[in-house]
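Asker: Sequence:
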Amino acid sequence: MGPPPRRGLHGARAGHVTRHRHDGLHVQLRKSKTDQDGSGITRAMPYDDTHPLPPRRPRTKTAATVPTPPPEPPQLSSDHYHRALAARRDAVDALADVANVLDDFEARADALLEQTLTMNDNWTTAKPQLPHPSSYPRTLGASDTSPCADHF
Numbered sequence: 001m002g003p004p005p006r007r008g009l010h011g012a013r014a015g016h017v018t019r020h021r022h023d024g025l026h027v028q029l030r031k032s033k034t035d036q037d038g039s040g041i042t043r044a045m046p047y048d049d050t051h052p053l054p055p056r057r058p059r060t061k062t063a064a065t066v067p068t069p070p071p072e073p074p075q076l077s078s079d080h081y082h083r084a085l086a087a088r089r090d091a092v093d094a095l096a097d098v099a100n101v102l103d104d105f106e107a108r109a110d111a112l113l114e115q116t117l118t119m120n121d122n123w124t125t126a127k128p129q130l131p132h133p134s135s136y137p138r139t140l141g142a143s144d145t146s147p148c149a150d151h152f
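Take the sequence shown: its letters are residues 1 to 152, numbered as in the numbering used here.
Please note: incorrect hints may appear among the correct ones.
What follows is a set of in silico ranges between Cβ atoms, one per label pair, in the way DEER data are often shown [as the list claims (entries may be wrong)]: (1) 90 with 70: 47 to 57 Å; (2) 121 with 100: 28 to 38 Å; (3) 114 with 73: 33 to 43 Å; (4) 72 with 106: 48 to 58 Å.
It is worth saying that the hints were derived from the structure and are not from the lab.
Nothing here was measured: the structure is a model prediction, and the numbers come from that model.
Where is the CB? At the ideal position from N, CA and C, for every residue including glycine.
Build out the structure end to end from the sequences listed, making use of the hints.
Answerer: Take a look at the structure:
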């Protein structure tokens, strides 16, 4: 007989578990959470009721692996040094104007920010007056049968 179900121990107190010298532990399981008179069942849990570990798998003999030496580095041609210098020189030439491009970009961003701040200052000091809708140009077609035509 295995351990009692977990739902049966809900609300169990120390008085519901008693120790017996011969039988092991006796656990009183109540019928429900509100079982006040303790009319549930009592289940014995012997001391020798252990849960054994699963049997160990036998070891398989593995062949000793011989480490393989690392692969040899490829042989470099005699002009590898000159090709590397040429590639570095080309990269430096390609990146030489990056600083100028970033300076131009920063100058344009500063000009746009200054223009935006000026517009914001003008907007907050004097609120612009929007033209009256009657001054808008008429955009209706040849048939002026729209009910809103009188309002333009």
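Asker: Now tell me if each hint is right for this structure.
Answerer: Structure-based check of all given hints:
no., hint, in the structure
1, 90 with 70: 47 to 57 Å, "violated, 32 Å"
2, 121 with 100: 28 to 38 Å, "holds, 32 Å"
3, 114 with 73: 33 to 43 Å, "violated, 58 Å"
4, 72 with 106: 48 to 58 Å, "holds, 51 Å"
In the structure shown, a violation is registered for the earlier hints numbered 1 and 3, in ascending order.
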